[in-house]
Every structure is written in structure tokens, then in C-alpha cells.
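Undergrad: My request is simple: use the sequences and hints to build the entire structure.
Chains as they are written, first to last, in the numbering used here: chain A, 1 to 167; chain B, 1 to 167; chain C, 1 to 503; chain D, 1 to 503.
There are no misleading hints in this set.
DSSO-like mimics (lysine-lysine), calculated; alpha carbons at most 27 Å apart, straight line:
(1) B/3 x B/28
(2) D/322 x C/400
(3) D/397 x C/397
(4) B/3 x B/30
(5) D/75 x B/30
(6) A/2 x B/159
(7) C/169 x C/121
(8) D/286 x D/400
(9) A/30 x C/75
(10) C/322 x D/400
(11) D/40 x B/28
(12) C/40 x A/30
(13) B/111 x C/40
(14) A/28 x C/75
Read the hints as simulated data drawn from the structure, not as lab findings.
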Amino acid sequence: MKKFAVSSADRTSEIQLFSNGRITIDGKEKEVEWIALSSTRRVLRVNGRSFDIDVLSVSRGGNVHVLVNGFPLEISVKDERSLLLHQFGFGGSLHQQAGEVKAPMPGLITKVLVKPGDVVQTGQGVIVLEAMKMENELTAPADGTVKAVHVREREAVDKNAILIELE
Amino acid sequence: MKKFAVSSADRTSEIQLFSNGRITIDGKEKEVEWIALSSTRRVLRVNGRSFDIDVLSVSRGGNVHVLVNGFPLEISVKDERSLLLHQFGFGGSLHQQAGEVKAPMPGLITKVLVKPGDVVQTGQGVIVLEAMKMENELTAPADGTVKAVHVREREAVDKNAILIELE
Amino acid sequence: MNTNIQSILIANRGEIAVRVIRTCRELGIRTVAVYSEADKAALFTRMADEAYFIGPPPSSRSYLRRETIIETALKTACDAIHPGYGFLSENPEFAEDVQQAGLVFIGPPAQAIRDMGDKTKARELMIAHGVPTIPGTEHAIETLEEGLATAEEIGFPVLIKAAAGGGGKGMRVIHTGEEFEAGMTASRNEARSAFGDERVYIEKYIDHPRHIEIQILADTHGNVIHLGERECSIQRRHQKVIEESPSAIVDEEMRRRMGEAARNAARACGYINAGTVEFLVDRERKFYFLEMNTRLQVEHPVTELVYQIDLVREQIRIAEGKNLNLSQDQIVRHGHAIECRLSAEDVRNSFLPSVGRLQRFRPPVGTLVRLDTGVEEGDEITLHYDPMFGKLIVLGKDRKDAIEKMRYALRDFRIAGVETTIPFCRFVMEHPAFISGEFDTHFIEDHFSTERLTTPSAEEYEAGFLASALLTSEYQSRLLFSGDNGSQAGRSAMRSGWKRRCR
Amino acid sequence: MNTNIQSILIANRGEIAVRVIRTCRELGIRTVAVYSEADKAALFTRMADEAYFIGPPPSSRSYLRRETIIETALKTACDAIHPGYGFLSENPEFAEDVQQAGLVFIGPPAQAIRDMGDKTKARELMIAHGVPTIPGTEHAIETLEEGLATAEEIGFPVLIKAAAGGGGKGMRVIHTGEEFEAGMTASRNEARSAFGDERVYIEKYIDHPRHIEIQILADTHGNVIHLGERECSIQRRHQKVIEESPSAIVDEEMRRRMGEAARNAARACGYINAGTVEFLVDRERKFYFLEMNTRLQVEHPVTELVYQIDLVREQIRIAEGKNLNLSQDQIVRHGHAIECRLSAEDVRNSFLPSVGRLQRFRPPVGTLVRLDTGVEEGDEITLHYDPMFGKLIVLGKDRKDAIEKMRYALRDFRIAGVETTIPFCRFVMEHPAFISGEFDTHFIEDHFSTERLTTPSAEEYEAGFLASALLTSEYQSRLLFSGDNGSQAGRSAMRSGWKRRCR
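TA: Printed below as a string of C-alpha cells:
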């Protein structure tokens with residue numbers, strides 16, 4: 001079973017995904033079908049009603065950006081582990097080696113948000129990588145100063161390519 | 001400079017790509033612009049004329065499948081190195097470890113073409129992987145018998161996942 | 001009998017289910033879809049307000065399950081069922097069951113379906129109501145003398161058909177009286193050996209006919225109107241492929257006469273709702289009743305475009321017991337519409353069904369085009385159902401304009417993953433016989449061969465070659481780049497030379 | 001003067017360049033596009049038969065470079081230049097230069113552009129030809145007495161405008177004779193301190209007017225016809241946002257009178273080609289000449305749909321010296337068309353331009369929709385040019401039907417990557433004032449606020465939440481799966497439980 005605290009600007013809910021396929025939201029069970037049309041298009045059917053889901057981005061930090069029937073929603077998702085880590089200040093730094101930002105998957109650089117010399121804080125967005133038609137904002141793994149930017153916008157990069165170095 | 005022997009069912013050409021941006025086909029120089037709209041859509045402009053290119057697949061073995069203004073073309077591309085390797089019988093086996101077929105990139109399995117017990121030959125298509133909206137046929141790295149198939153159709157796999165084992 | 005329909009269950013799938021949902025949305029009517037295992041992600045299930053699973057892929061275990069569908073309608077508090085075309089749409093028992101369950105069947109009365117489904121009964125009704133039928137014997141003929149007399153009465157050429165038969169067995173076209181004896185004898189022998197019954201019918205042989213049909217609407221108050229004709233002569237094995245309205249050979253006077261005949265046909269069987277009366281038309285533009293389709297037709301959109309009418313909306317109004325909105329003299333036609341049916345078939349390989357995933361599906365944008373489709377990019381086309389995945393319809397100022405628009409709409413359509421009939425449709429739109437309007441149901445046999453399909457130009461081949469070399473070079477750079485060493489080399493290669501032009 | 005145009009250079013970009021290319025393709029005319037650095041991959045450059053680079057992104061260095069454009073046309077053996085709208089389309093020097101280079105300018109004579117571009121000259125011409133203009137003084141007024149007499153003659157309310165000015169300085173609406181002295185004094189003081197010139201004009205103040213315009217076509221043989229009106233009152237800061245044809249308030253008689261006025265306006269300036277005469281309409285449905293646009297309008301498609309005419313095709317025919325196809329009494333209107341302009345603007349943030357890459361761009365499919373656009377998915381919207389990236393146009397049986405169709409077309413459009421005006425268009429299509437037809441150019445100030453935009457329903461929020469949790473869980477599985485250990489755990493998680501439902 002996985003438990004998530006899900007929130008948008010003005011509302012919040014708790015969602016539980018059980019391994020037997022059951023799903024509850026705020027304790028109420030829902031009959032859910034989750035169908036992948038492509039890597040970025042899904043259909044969610046809740047108790048017979050369909051919702052058209054366009055996946056725009058899913059970030060490591062638990063930020064999900066989707067269109068629901070065309071309406072853009074930015075949603076924050078925290079699971080128990082990340083809630084715990086967050087309390088101890090480990091936030092986004094878990095999988096990133098301090099000192100550099102690597103591409104977690106092959107893709108296209110669509111935005112470079114910093115330049116050498118910029119002072120950045122842990123969790124600050126530094127680069128946007130598009131992969132599988134989704135945009136992924138990559139964040140600084142630690143506080144520091146940007147030492148080098150190795151890519152530019154519209155450049156294709158491979159997985160694990162070092163994009164930005166910090167010091 | 002790179003030199004390619006390019007052919008379709010009934011015609012063949014030699015194309016040279018020079019590092020200074022010049023391009024020739026059968027010795028004639030062309031003014032070419034090559035514009036990426038997305039990972040799978042390109043525009044090729046040859047002496048002012050535009051062609052709408054949909055990239056359907058580009059394979060390790062030098063097979064390219066595109067739509068040109070909507071017309072499907074299957075084109076074989078051999079560079080000097082692969083022509084050479086081909087002569088010595090190394091064909092598709094260069095990067096694949098004999099004995100298994102791995103995913104060269106993350107993607108979605110769209111077709112499994114063999115089942116355990118099947119006898120396969122070097123270069124025979126065994127699985128189709130869709131990644132970045134392109135279909136990639138993966139081929140057997142060596143002659144053998146299928147020992148195990150680790151994936152099924154519509155399954156998402158990560159880079160380097162072992163898909164099929166041969167013996 | 002005057003109800004207000006608020007919820008409709010759509011007992012169908014694919015493009016026609018999508019089509020019905022669109023009108024319901026505009027009317028604020030709630031829609032319930034039912035789907036088989038193969039359709040669980042299909043567009044129509046997503047567009048409906050609600051969608052329920054009813055069984056495995058085979059139609060007999062899903063879309064044809066009358067009780068399950070009616071139960072679902074009752075359980076989900078629907079008022080009515082729309083059957084679309086095909087499946088249960090012309091099943092009189094289903095129409096009855098729906099009504100007995102207290103639901104509205106959006107279609108004709110069961111008896112009208114039954115009468116028009118029985119070819120002999122239909123012919124009798126038409127003759128009784130003055131609708132022209134193909135001249136011929138009403139009863140089986142047993143002797144040579146009777147046969148010859150009948151043939152002479154009808155006038156040559158005639159068609160001899162086995163009374164018992166089907167499938168062309170015992171069927172023979174006779175052009176003159178001299179050929180008659182030998183022909184009828186041969187037919188009877190064939191019929192006897194095939195069916196054990198040597199009786200034959202004789203009817204007028206319509207050589208190279210056109211297939212033209214009339215759309216009718218009839219309400220519960222006795223009003224019947226027609227909405228002009230649809231030209232459906234471009235057929236492959238009796239399957240319509242391309243339809244248009246108006247027909248190039250129908251003038252106002254002929255339209256009026258065919259329209260009257262169709263209205264009489266509808267009155268003859270007590271018809272209510274939308275229906276279509278099909279005619280064969282000979283070279284002298286005489287028309288003969290062929291059959292009546294007691295449902296919405298696949299090709300209904302061409303009529304909708306030229307008459308600016310929503311036939312599904314009218315169907316629902318009629319089912320609600322309302323009066324027709326329009327009288328016959330208020331109907332105005334405007335422009336010319338053409339429809340191309342798009343099927344997953346391999347035109348170069350005897351139109352065999354082609355299955356697969358729609359790796360690309362990018363409809364044309366910009367021209368005034370209506371695309372009725374049940375699929376989107378990424379969807380799977382399977383062998384479970386009809387290979388037709390959509391219909392492309394254009395409205396032009398006149399026939400020439402519509403043909404031009406269709407030509408470019410077809411040219412701009414991008415599909416990959418399955419073979420489609422688009423190349424064939426392009427062939428038709430460019431063929432002089434089609435453009436001139438001089439064609440009949442033999443168009444394909446007379447004019448089509450796969451060598452006549454448009455192929456890429458020399459420039460397009462060259463572009464494909466250049467693109468392939470550039471793509472291969474890119475691909476190789478990416479491979480290098482992903483290796484443990486060579487990473488820097490790969491990256492700098494991507495930045496230099498002709499690659500720079502990519503950005 | 002009778003030429004046959006075989007190649008056209010399009011001196012424009014974006015959706016209008018695409019629009020012109022479409023008609024040229026149907027006519028078999030070769031097209032040459034010119035593009036700036038920012039547009040090198042733009043749709044119009046790909047659709048043209050040939051495309052040539054003319055300079056960096058700023059218009060002054062590319063799309064406004066008259067000599068470069070004319071040189072390119074000559075070099076590529078074009079016969080004619082189509083200017084689209086904006087850029088060089090209303091530049092009389094360009095029209096002259098084109099003709100002096102031996103090319104055909106697809107637009108009006110330079111003198112007509114010049115006359116109608118000069119507001120005073122245009123007003124004089126209109127008065128001389130009996131076209132109703134806003135009542136007012138023809139010359140600046142210097143004394144209070146003269147002012148009051150004029151105002152009483154015109155009738156209150158009146159508008160006082162600074163003769164020297166602009167930008168609203170010195171402008172004042174006066175409702176009664178009592179207010180006049182104070183008002184005029186204040187205006188003159190403001191005008192003097194702002195421009196050093198206290199002279200003012202007085203004209204009738206049209207309160208809450210509607211903006212209605214008439215499309216005209218004029219050939220080189222003296223034939224002038226009009227194609228009815230376009231209602232363009234839904235405006236934001238004098239920029240049209242939504243247009244329709246016909247107008248809800250124009251009846252046949254008013255259409256005839258406005259049409260006659262527009263034809264006279266065209267004759268007044270010796271107009272040739274397609275043009276538009278704009279009028280303000282007051283609450284008594286009296287109309288007054290506002291200005292004439294001497295080119296194709298952005299909103300021309302609504303006229304094309306209801307009159308089933310291709311205005312670009314007519315422009316080309318006229319430029320070839322041909323007679324108009326139609327006379328005024330052959331023109332038939334059919335149905336109702338609405339256009340929504342789609343702009344990359346943030347409706348919730350004062351309509352500020354929104355730039356970015358179109359991460360999604362999936363137009364609606366299925367309804368009879370015309371989308372005139374210059375972009376596709378993946379394209380970049382920059383600050384270099386107009387934020388309008390397309391126009392969505394529907395044709396309905398009547399106004400109600402067209403509104404319903406537009407509502408669903410807007411609802412089905414999927415765009416991500418930039419903010420667009422689609423939410424605003426949805427607001428208008430659902431607003432009672434728009435639906436009733438009772439609105440004017442103050443619609444937005446009177447009715448719009450961002451709180452009234454449609455927001456997701458509670459069910460849609462819940463669906464978004466569920467989808468986010470499912471996506472996060474998938475994403476975590478993928479991460480696990482790609483790690484060195486945990487690979488098997490990841491894979492088995494993807495196969496079990498609720499994940500199984502995905503397949």
C-alpha cells in the first residue's frame with residue numbers, strides 16, 4: 001500500500017493505492033480504471049466517468065503538471081517517505097550527487113534557468129529537460145554557485161550527461 | 001566527412017555529409033536545411049523546397065522508415081564502417097552481448113515476435129520497442145534458441161533491461 | 001408518446017458512437033457508452049459521460065447482447081437507446097425488447113424494420129404504393145415458354161436468377177431473344193445442381209447502374225420529408241467507398257421524382273425516424289427501388305453538410321414524439337459535399353485488412369473538413385470489428401471545389417502504423433471519370449489498378465534519402481555519446497558542422 | 001491588364017500566409033514564402049513550394065523590407081505578391097514599387113490605400129458620396145458660442161476632441177447643454193497644456209456602439225458587390241476578439257442599406273479588390289462610417305463560410321483582371337458562422353502575452369470546424385510578432401447552433417506550453433448577453449472578470465489528484481527499476497495490483 005498527500009493551490013486530499021488494485025481518496029473507495037494511450041496521454045475512469053489526462057510533467061520532487069479535460073492543474077504529491085525526508089531536510093537531493101546536475105533520462109534541453117556565477121539554493125529549478133514529450137524541471141541538489149553550464153537550449157542530451165556543475 | 005550508401009527497393013544513391021555543412025548526393029551539391037520540430041518530425045528543405053518528414057524508426061542496422069510528405073519509404077543506409085563490418089559478418093551484433101537482447105533505451109514494448117523455444121538467426125527481429133514515439137525493431141545478436149522472454153506487449157521497460165535471453 | 005429524452009445509451013462503438021455523443025453533448029443529453037474488452041480505451045468510451053464494460057471482443061458476446069445492453073440502460077437510468085448502424089440497428093426483436101423495457105428506441109417501429117428486411121415483402125409494398133421497382137416476375141418461372149414471354153415483355157437485357165439461390169449461382173445476363181433458350185436452360189441446370197430446385201426468376205438487367213439513395217425523415221404525426229440524394233456509386237464489392245451529395249446526374253426534376261418515390265416508400269411501411277431508400281439508376285436515368293435501410297447510414301454526413309441539418313438531432317426529436325422542424329418546401333440545399341471512407345486496408349494488396357497501432361494519426365487542419373472518427377494517435381486497430389476507422393467529409397461551393405478540397409485534405413493526412421484506403425481515395429479524386437461525373441458502380445473494375453496509385457516523386461525520394469542519411473548520422477552520434485568513452489567526441493560532433501543547422 | 005498569375009510570393013507570415021497558400025494550392029499556383037530567422041521552421045515556410053530567408057526576427061529587418069521582398073519575387077520568377085494583412089498590406093509605396101517592378105500587387109490601387117489611410121480625406125470622400133459619417137464639425141472650433149451652437153445642431157450627447165491631439169487628452173463626453181460650457185472649457189485647457197493648441201472638434205458621441213463591417217469585392221471593370229456584414233463588437237482595447245456573420249441585429253433591409261453604403265464607399269475611392277468598410281452602429285441601429293480597411297481582414301473566414309466563397313481566390317481573379325463571378329443578386333447566405341481568435345495571452349493576467357513552446361497543440365476533431373493556424377505542436381511562440389496564433393471558425397445552421405458548436409470545439413481544444421485566450425472565448429460563448437445577441441463594444445468592461453472563467457469541477461480536481469498519485473507511483477517504480485538494485489522489485493510492482501489495469 002502506498003499513501004500520498006496530494007494538494008493543489010486551495011485543496012488537499014489523501015490517496016491510498018492498495019496492492020490489490022483498490023484506491024481510496026480521503027477514505028472513500030473509488031472504482032478506477034487507468035488507461036495509457038501513450039506515454040503522455042491517459043484516461044482515468046472513475047465510477048464510469050472518463051477524464052482526459054494529458055501528462056505535462058512529473059518531477060522527482062513530487063510535482064505533477066497535467067491537463068484534466070484541458071484544464072491545467074499543478075499538483076504536489078508527497079508520499080510517506082518524501083514527507084519523512086522532507087522533515088529532515090533531504091528534499092530533492094536524494095538521488096543527485098552534490099556538485100552536479102545530471103540528466104536522469106535522454107531528452108532535449110528546453111530551458112536553462114541559470115548561468116555561471118548564479119547563486120542557487122537546494123531545490124531551486126536550474127534546467128528544464130524534455131523527454132518523452134514531458135517537461136522535467138531539474139533542481140539544484142545543494143546550495144552553491146553555478147560553476148559551469150555544459151548545455152544550451154534545444155540541445156539533445158543523453159542519460160547521465162552532466163548538465164550543470166556547482167561549487 | 002561521412003559517406004553513406006542509401007537505397008530503397010528500386011533505387012540507390014551515395015550521400016556525403018561534410019563537416020562544414022556541405023551535403024552532396026551522387027556528387028551533386030544540395031543546399032539543405034534540416035529542422036527538428038520534435039524528436040519525430042523534421043523538415044528538410046532542399047534548394048528552397050520543403051519536405052515534411054515523419055520519422056517512424058531508425059534502427060541500429062541502418063534501416064530508416066520515414067514518411068516523406070506522407071508517403072512511406074523504407075530506406076537502407078550503410079556507412080563505410082558498417083559496409084566493412086558487414087563484409088566480415090559482424091552486422092548487427094556489435095553492441096549487443098550475445099545471449100541476450102537488452103533495451104537500448106527506455107520505452108514501451110509494442111510487439112514480442114518470438115516465444116521461448118523459437119529458433120532464431122542472427123539479425124532476425126525479436127521484439128519491437130517504442131521510444132520517443134519511434135518503433136525500433138531489436139534483433140537477435142546471434143543464432144540460437146529463445147530461452148526466456150522477460151517482457152510482454154504494452155510493458156514499459158527501462159534502458160538496459162534484459163528483454164530476451166537466448167541459448 | 002411525447003417524452004423528453006435526457007439520457008441515451010449508445011448501443012454501438014467507433015466513429016458512429018462518437019458521432020451520436022457529439023449531438024447529445026450539444027443537446028445537453030447525458031450519454032452512456034457500453035464497450036467490449038477490445039474497446040476499453042476507445043475514444044467513444046472516453047467521450048461518453050459514462051461507460052460500462054459489457055463483454056469480450058467478439059460482437060456476439062458484447063455489442064450484440066440485447067439483454068445486457070437493455071439492463072445497462074435501465075441500471076444507469078437511461079430513457080432511450082440509439083443503435084447507430086450495423087450491430088442491433090436493424091434487429092426488430094431488439095427494437096421490441098427496448099420498448100417493452102419501457103425505453104425509447106431511437107429508430108423506426110419494429111414492423112417497418114421487419115417489412116423492409118424481407119425483400120419479397122418490401123417489393124410487394126413498393127409495387128402497391130407506386131414506387132418503381134426493377135421490372136421482373138413476381139413468381140418463380142417453371143417453363144421455357146413462360147420465361148421467354150416474360151423476358152420479351154420486360155425487354156432485353158434480362159437477368160435470370162435462381163429462385164432458391166444466392167451467391168451468383170444460376171445467375172445469367174441475356175442480351176437477346178436468340179440467346180434466351182440456351183441461357184435459361186443453363187441457368188436451370190446450374191440451379192438444379194446447386195440447390196435441387198430449377199425454378200428461376202427473371203428481371204430487367206440494369207447494366208452499369210448508378211447507386212443513388214434518398215434520405216428521408218418521418219415523424220409520428222404522419223409528416224414525411226426527403227433530404228435529396230446521395231450518390232454512392234463508387235463501390236468495391238458492393239461496399240460504398242466514396243459518397244457525395246448532390247449527384248452529378250440528378251437535376252431538380254429527377255430529385256423531386258425520386259424524393260416522392262422515397263416518401264411513398266416510407267409511407268408504405270409506416271416508417272418513422274430517419275431512413276434511406278436506395279435506388280439503382282440506369283443509363284436513361286430511370287430509377288428502381290433497391291432496398292430501404294431502416295437506420296442512420298454511414299454516409300449521412302454529406303446530407304448533413306449540404307442541407308445544414310443534424311440528422312441525429314432530428315432522430316432524437318422524432319423519437320421524442322415531436323413534429324418535424326421543417327416542411328418539404330423549406331428545405332434548402334447549399335454547396336456540394338463529398339465523403340471518403342477511411343479503412344485500415346492495404347490498397348496494394350487486394351484491400352486486405354491491415355491491423356496495428358496508429359503510430360501516427362495527424363488529420364488535416366485548415367480547410368473546412370469534418371472528420372468523423374473513432375480513433376486517435378496511439379489507438380490500436382484490430383481484426384475484431386469493421387476496418388473503417390473514420391470518414392473524411394468536405395463541403396465545397398460546388399462539385400469541382402469539393403473535389404479540390406478533398407484532394408488536399410487527403411494529401412495532408414498523415415497516418416502510419418496501418419495501411420489505409422487514402423491512396424485509393426486520392427486515385428478517385430484525380431480520375432477523369434470521377435471528375436467528369438460520368439461513372440457507375442463498375443468504376444473500380446473499369447478504372448482502378450494499383451499501378452495508377454500516386455507514388456512519391458523523384459524529389460520526394462531524394463528527400464527521403466537525404467533525411468535517412470542525416471538521421472543515421474544523428475543516431476550514430478547519439479550512440480557514441482551514450483558510450484562510456486567517446487562522450488565528449490559525441491557531444492562536440494553534435495555541435496559542429498551541418499548539425500548546427502538543426503537548431 | 002488581363003494576366004494569368006502562375007506564381008505568387010506571399011509577403012507575410014503565420015496563419016494568413018498559410019491561408020493564402022491553401023488557396024494557391026487549390027488553384028495550382030506556385031507559392032514562394034519569405035521568412036525571418038524566427039520563422040525558419042514555421043508551418044507556412046513548409047507549406048509553400050519554396051521558401052527563402054530574408055532577415056533577422058524584427059519585422060523592420062525582414063517582413064517590412066520592401067526591396068528585399070520584391071527582389072526575391074523577381075529572382076524566383078513570381079508574377080504577383082500577396083501582402084496578407086498587417087506588415088506591408090496597407091503601404092501605398094509598397095503597392096507602387098511592386099507594380100513598378102512589373103509584378104501584380106494583389107490588393108487595391110496605391111491611391112485607394114492612400115485616400116482611405118488619411119482619415120480627413122476619407123471622411124470628405126464619404127460625405128461627398130452620401131455614405132453616413134458620424135455627425136460633427138469638419139473644421140476646428142475656436143469659440144465657446146460656435147461650439148455650443150454646433151453641439152445643439154448635432155444633438156447631445158456629443159464628444160469634444162482636441163484638434164491637435166490623440167491618446168484621449170482633451171477628450172470629453174457632454175450629455176446636456178448645461179454641462180457644455182464647463183466641459184468645453186476644460187477640454188480646451190487640457191488641449192492647450194498638452195499640445196499648445198486649444199482648438200477642438202465636436203462630434204456626435206455614439207454611446208455603447210456596435211462595430212459592424214461590410215465585406216466588399218470590386219473588379220477592374222467597375223463591378224462592386226458586397227458580401228453582407230460581420231459583427232465585430234466583442235473587442236478588447238479596440239482589438240477584435242470574436243466575430244460572426246450575420247449580425248444578430250442586422251435584418252435584410254438594414255443589410256441592404258449598409259451594403260449600398262459600403263459599395264458607395266468603395267466607388268468613392270476607386271477601390272479594386274477585396275476590402276472592408278467598417279461602421280459604428282448606435283442603439284437605434286443607425287450606422288456611421290468608421291474607416292475602410294484596404295486589404296483582407298483577419299476575420300474574413302466567417303464571410304467565406306456563410307457565403308461559400310473563397311475571398312483569396314476572388315482577390316487573385318480580380319488581380320488577374322477578370323470579371324467578378326457573381327452579381328449582387330446571385331449572392332446567397334446560408335447558416336451562421338463564428339470566429340474566435342486564439343492568442344497566446346494570459347487571460348487571468350491582464351491578457352499579457354505568453355511565450356513558449358507549444359508542448360501540446362491538439363485541435364478539436366469531428367465537428368465541422370475550420371482552423372486557420374500558423375502553428376503546430378512543438379512550435380515556439382515568441383515575442384517577435386502578434387500573439388494571435390490561429391482562428392477557430394465554425395459554421396452552424398443558425399446562431400444558436402453555431403454557438404453550441406463553438407463551445408464544444410473550444411472545450412475539446414488541448415493546448416499546453418503557453419496561456420491562451422481560449423478560456424475567455426469559452427466565457428463569451430456561455431454569457432447570456434452574447435447568447436441573446438444584446439451586446440456592444442463595451443461587452444468586456446461590462447461583463448468580464450477573471451472570476452467568471454470556467455474552472456475545473458470538483459470531479460475534475462479529484463481526477464487530477466488521483467492521476468497525480470498514480471503518475472507519481474509509476475514514476476517511482478521506474479526510478480527503482482532503473483537503479484542497480486531493486487530492479488526486480490520495480491518490475492514486479494509494475495506487474496501487480498492496480499498497475500495491471502493499465503494494460
